[in-house]
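Engineer: Letter by letter, the chains look like this.
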Amino acid sequence: EAQVTQNPRYLITVTGKKLTVTCSQNMNHEYMSWYRQDPGLGLRQIYYSMNVEVTDKGDVPEGYKVSRKEKRNFPLILESPSPNQTSLYFCASRFADTQYFGPGTRLTVL
Amino acid sequence: SQQGEEDPQALSIQEGENATMNCSYKTSINNLQWYRQNSGRGLVHLILIRSNEREKHSGRLRVTLDTSKKSSSLLITASRAADTASYFCATDANTGGFKTIFGAGTRLFVKA
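Chains as they are written, first to last, in the working numbering: chain A, 48 to 157; chain B, 9 to 120.
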């Protein structure tokens, strides 16, 4: 089944403790992206990647890192999480002009 | 910055009625997409309209695009309770990359 998977789905952590949210797609898509969703603000793009080793900032990249060493994986790294990064995170891959979203990761930073 | 802005923020209708949602954007675009999100879950692509198109249909969905007004509308005809969800428009800025901007969404509630 064609899909985008994210792990973990839920995470509660404390300020400053580095974490990684994994994202994997099995559709061989070149383009992948990370978004965060906050109430009343819709989805905001954090980073995107147009291919392996090619990444670029979205609208809200501060406090996040990404890497794209393989086409299928696009992990999101929070090196020192803060409470304002509490949010619902979505990974997406893209083919042509259509994006395919993962199920989301709900992150709480205490 | 938010490019796509949906209107209304929330909409409540009876089953069988039509639902219309509007989206405005600020910059030149290549295309505009509409997505649906069931409560807290991943978004699902509904329909895409390109900048050189004015209207597009897909089943009970009808999308229009007015590039002169920088606006789009999504019409769901003969709505069903299962259409209850949040709907988002998204635009790809015409900058040569794939920077996508989503609006804040319209929450649609269809009463059975």
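Everything labelled a hint here was simulated from the structure, so no lab data went into it.
Mixed in with the good hints, there may be bad ones.
[Unchecked claim] Calculated cross-link-like contacts (lysine to any residue; reagent style SDA-like; alpha-carbon spacing at most 20 Å):
1) B:64 x B:86
2) B:77 x A:87
3) A:64 x A:109
4) B:34 x A:64
5) B:107 x A:64
6) B:77 x B:50
7) B:107 x A:88
8) A:64 x A:114
Engineer: If a hint holds in the structure, say so; if it doesn't, say that too.
Structural biologist: Status of each hint after checking the structure:
no.: 1; hint: B:64 x B:86; result: holds (17 Å)
no.: 2; hint: B:77 x A:87; result: violated (24 Å)
no.: 3; hint: A:64 x A:109; result: holds (16 Å)
no.: 4; hint: B:34 x A:64; result: violated (38 Å)
no.: 5; hint: B:107 x A:64; result: violated (29 Å)
no.: 6; hint: B:77 x B:50; result: violated (30 Å)
no.: 7; hint: B:107 x A:88; result: holds (17 Å)
no.: 8; hint: A:64 x A:114; result: holds (19 Å)
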